[in-house]
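Produce the complete structure using the sequences and hints provided.
Here is what each chain is made of, one letter per residue.
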Amino acid sequence: MSKILLNDCGPEVTQMVNKLLGEKIAVQNSSFDAAKSLQQFNMVILEAGNKKPEELFQQVKSLRYACNFRNIPIILIKNQSDNRPNHSYIMAGATEILSLQDPPLACRQILQGYLIPNRQPLEQEMEYLTTFINSTRHVLKTMASMEAEYKELYFANDFRIFGDISGIIGLSGEAEGTAVITFYWDLARKVISQMMRVTDDKINAELIHDGVGELINMISGFSKKSFIGKPYHFELSLPTVVMGSGHQIGHPEDSSIAMLIFDMERSSFALQVCLKTKVKKRMIS
Amino acid sequence: MKVIVTDDSLVMRKIIVNVVESLGHEGIHATNGQDLLALLEQFADEVGLVLLDWNMPGLSGVEALKAIQGNSRFRAIPVFMVSTESEDVKIDEALKAGAKGYLSKPFTPEELAAKIKDIFG
Chain E
0 MSKILLNDCG PEVTQMVNKL LGEKIAVQNS SFDAAKSLQQ FNMVILEAGN
50 KKPEELFQQV KSLRYACNFR NIPIILIKNQ SDNRPNHSYI MAGATEILSL
100 QDPPLACRQI LQGYLIPNRQ PLEQEMEYLT TFINSTRHVL KTMASMEAEY
150 KELYFANDFR IFGDISGIIG LSGEAEGTAV ITFYWDLARK VISQMMRVTD
200 DKINAELIHD GVGELINMIS GFSKKSFIGK PYHFELSLPT VVMGSGHQIG
250 HPEDSSIAML IFDMERSSFA LQVCLKTKVK KRMIS
Chain F
0 MKVIVTDDSL VMRKIIVNVV ESLGHEGIHA TNGQDLLALL EQFADEVGLV
50 LLDWNMPGLS GVEALKAIQG NSRFRAIPVF MVSTESEDVK IDEALKAGAK
100 GYLSKPFTPE ELAAKIKDIF G
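In order, the protein sequence lines correspond to chains E and F.
Sequential numbering from 0 applies to the first sequence in numbering that gives the first Met the number 0.
Sequential numbering from 0 applies to the second sequence in numbering that gives the first Met the number 0.
No lab work stands behind these hints, which were simulated from the structure alone.
Glycine residues also receive a C-beta, built at the ideal position from the N, C-alpha and C atoms.
The reader is advised that the hints may include incorrect statements.
Here are the in silico distance ranges between beta carbons for each label pair [what the hints assert, rightly or not]:
hint : chain 1 : residue 1 : chain 2 : residue 2 : range
1    : F       : E25       : E       : D199      : 19 to 29 Å
2    : E       : T129      : F       : M0        : 38 to 48 Å
3    : E       : S30       : F       : D87       : 52 to 62 Å
4    : E       : P52       : F       : H28       : 44 to 54 Å
5    : E       : A33       : F       : D87       : 43 to 53 Å
6    : E       : G172      : F       : H28       : 23 to 33 Å
7    : E       : G172      : F       : F42       : 30 to 40 Å
Capping the alpha-carbon separation at 25 Å, the derived lysine-lysine pairs in PhoX-like fashion look like this [to be verified]:
hint : chain 1 : residue 1 : chain 2 : residue 2
8    : E       : K2        : E       : K35
9    : E       : K275      : F       : K89
10   : F       : K114      : F       : K99
11   : F       : K65       : F       : K95
12   : F       : K99       : F       : K1
13   : E       : K18       : E       : K2
14   : E       : K277      : E       : K224
15   : E       : K224      : E       : K275
16   : E       : K35       : E       : K23
17   : E       : K275      : E       : K229
18   : F       : K89       : F       : K114
19   : F       : K89       : E       : K224
20   : E       : K201      : E       : K140
21   : E       : K150      : E       : K189
22   : F       : K95       : F       : K116
23   : E       : K224      : F       : K114
24   : E       : K224      : F       : K99
25   : F       : K13       : E       : K201
26   : E       : K35       : E       : K50
27   : F       : K13       : F       : K1
28   : E       : K277      : F       : K89
29   : F       : K65       : F       : K99
30   : E       : K140      : F       : K114
31   : F       : K13       : E       : K189
32   : F       : K65       : F       : K114
33   : F       : K99       : F       : K116
34   : F       : K99       : F       : K89
35   : E       : K2        : E       : K150
36   : E       : K140      : F       : K116
37   : F       : K95       : E       : K224
38   : F       : K13       : E       : K140
39   : E       : K229      : F       : K89
This is the structure in C-alpha cells:
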C-alpha cells in the first residue's frame, strides 16, 4: 500500500486525494515540518493555499531536501486562479503541479502514474552498478574513514539533482557515460574534513569543490580496474564540479540513469551512473 | 629534504604533503607537470623525491616522468606515482618510464607513509 503525506492540505484536497486514489493508499496529514524525513512516503502532496510565492518556494525546496535523494514525487496543489508561474516550484523540487479544478480523471492518472514502482535493474546493469557501489564504500572508508551504507537504487527520469554540490566525470572507451556524486553541503564538508584530518571549520568552499571532484575521480578510477577486458571498460575524463540546488546534468541519450542512494553520518548522498556499451555495427552484405 | 607533491587536486596535495611533513620532510606543491618541471629547475639539488599523479591538465604524469628521465640534472631523483590509474598495463607503463614505485588511490596516510619510508630506506 502506498503511503502519502498530505502537507498543509485542507479538507478539500484531502477529500480529492482519497477519492482519486481510493483504498490503495494510506494517507497521513501533517503541517509543514522542514526537519521531518520523508523517506517512508511514496508521495508528498503540498497545498499552496494562500502562501506567498517565496514561502511556498522554500517549503518545496525543504521538502525536496527532506526526501534525501529518494525518488519521491512532490505534488503541489494550487488554486486555478493562482497565476503564479510554475517554473520556480519545479526548479525547487516539485514534480507536478495540479489544481483542484483540473479534471479528476486526469489527476487520478497523473497521481497513479507517479505511484508506479520504479523498474528493477537488469542483471547486466547490476554487474557494473555493484562495482560502483563497492568502489564508493571503499573510497570513503579508505580516504575518510567513513562508512557509507548503500540503501537503494532507482532509475531517474529527471536530469535535475537536488543536492548542493556534484562531482562529475565523463567515461569513454568500450563503454561511455557519466558518473556523478552529489552531496548536501554539510555532508560534503564533513567528508572533506575527514579526508584531510582537520576540523570542519578549516574547510572552505574551495576545498569542498576540489575534494568532491577528487572523490568521483577516485570512485570511477577504482571501479575502472574491475572492467578490464569487459564491455563496460572505460577511460576517465578530468572531473568537473557544479554547485547549486536543482542543477541539471546531461547524460548520453538512450541510456538509463541509475541513482544509487547511500546513507552516511545521519545524511545521504547519491551516486548517478549512466553507462552504456558501444554498439558495434555490422556490415550486412 | 624537499618532496615535490604533484597533483591537480588541492585536497589531495594537502593530504599527501601532511604525510610527507609528518615524516620530517618539506612538502612542496606542484599543480601539474609543467609546474613540477619548473620547480625541479629551481630546486633539483634539494629534492629527494617526487610524488606524481597521472591524469592532470596539460602535461600528464607519465609525460612529466619521461621529461625528468630525459634530463641529466633530474634523472637521479626518485619519482613515485600516486594515481587513480590502477590497471597493470598502466603501472607497467609508469615503471618502464622510470617510476620507482606506484601507489593507487585511494590510500590511507599510513600506506603512503610506508611507501615513502621504503624509498628513503
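- Which of the numbered hints are not met once you compare them with the structure shown? Of the numbered hints given earlier, the structure breaks none, since each of them holds.
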